[in-house]
Amino acid sequence: MHVTRLPTAILAAVACFLPLLTSSADAQRRYDDRGYGYDRGYDNRGPRQQRNVAGVFDYYALVLSWSPTHCASEDGKRDEMQCNRRDGRRYNFVLHGLWPQYERGFPNDCPTRDRPFVPQRVIDSILDVMPARGLVIHEYRKHGTCSGLDPAGYFDLARQLYNRIRIPERYVNPFDVQFVAPEELMREMIAANPELKPDMMAISCGGPGNRLKEVRVCFTKSGQLRSCGQNEDQRRMCSARQMYVPPVRSSAKGTRGNGRPATEDRDSGHGGNGQDGRRDDRGTHPAPSRDYLPGPRI
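Each position in the sequence shown, counted from 1, maps to that position plus 3 in the working numbering.
Just so you know, these hints were derived from the structure itself, not from any lab. Using N, Cα and C, we set each Cβ at its ideal position, and we do this for glycine too. Some hints here could point you the wrong way.
Stated by the list, open to error - Just the calculated beta-carbon pair ranges, DEER-fashion:
| # | residue 1 | residue 2 | range |
| --- | --- | --- | --- |
| 1 | Asp112 | Ala194 | 33 to 43 Å |
| 2 | Pro197 | Asp112 | 13 to 23 Å |
| 3 | Glu198 | Lys80 | 32 to 42 Å |
| 4 | Arg239 | Glu187 | 17 to 27 Å |
Given only the sequences and the hints, what does the whole structure look like? Please build it.
Quick look at the structure:
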């Protein structure tokens, strides 16, 4: 039996080319394995019938994360796109995600007709307000698939709702550490967004010093503000008397998430994490020394 052997040069070329064919898909799988941890401890119990069915849910939670808290974490130290940018850009509130919710619990990883692959052009289109490629992919696969929208439609809606929320001035570009009660931040959000009511939002804090982690704002499927469900339980999410708010410390002018001046109109973007950690009610707020290290970390 005669066996034809391919020239060594051809075999080498094939070996070099094969990884390119699968690199994009492999990269998206790797992002899913990172385990962002933002959603841990979250009640995902939903109705037993029609659970995890695309398009079957009660409302959206728009999740805005306080970027300096993420950037002070161990994960943030390695986050070159959001926290260690070479251009020195800093963020305040960034878009963490748009989560379909049941009145109690939430769907996740809903089966779809097509494989939930997020095109690169869609990833690139949202990075100005969600500055983490891996998070973009993770959020669509876990939450976006349950919206019933394709990746482009899901992130278009997320941006529209994100742009509707105005950030109170003191959080646009703070240079100094702040200690703020959750109720105080809520009042300031309502003052900046008069259409908001207390039951339409919730504040999350946790970790060292009860750090501010995220603000959630609830919307109907059609994009109208509405009261939140049981998922946004304020006492569970942050029962501290005060929160430690790390500073943005960027420039005197300040930018929002999309780099536009903080004084731009309502449709401007603005500069998101949210794992509920242990909380106490004692009002103590240790400020870890690493927050004061020099360099473009936040």
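Hints, one by one, checked against the model:
Here the CB-CB span from Asp112 to Ala194 is close to 38 Å, well matched to the stated 33 to 43 Å. With their beta carbons about 37 Å apart, Pro197 and Asp112 fall outside the hinted range of 13 to 23 Å. One distance hint, 32 to 42 Å for the beta-carbon pair Glu198 and Lys80, holds here, with the actual separation near 38 Å. In this structure the supplied range 17 to 27 Å holds for Arg239 paired with Glu187, their Cβ-Cβ distance being about 19 Å.
In terms of the numbered hints stated before, the structure departs from hint 2 and from no other.
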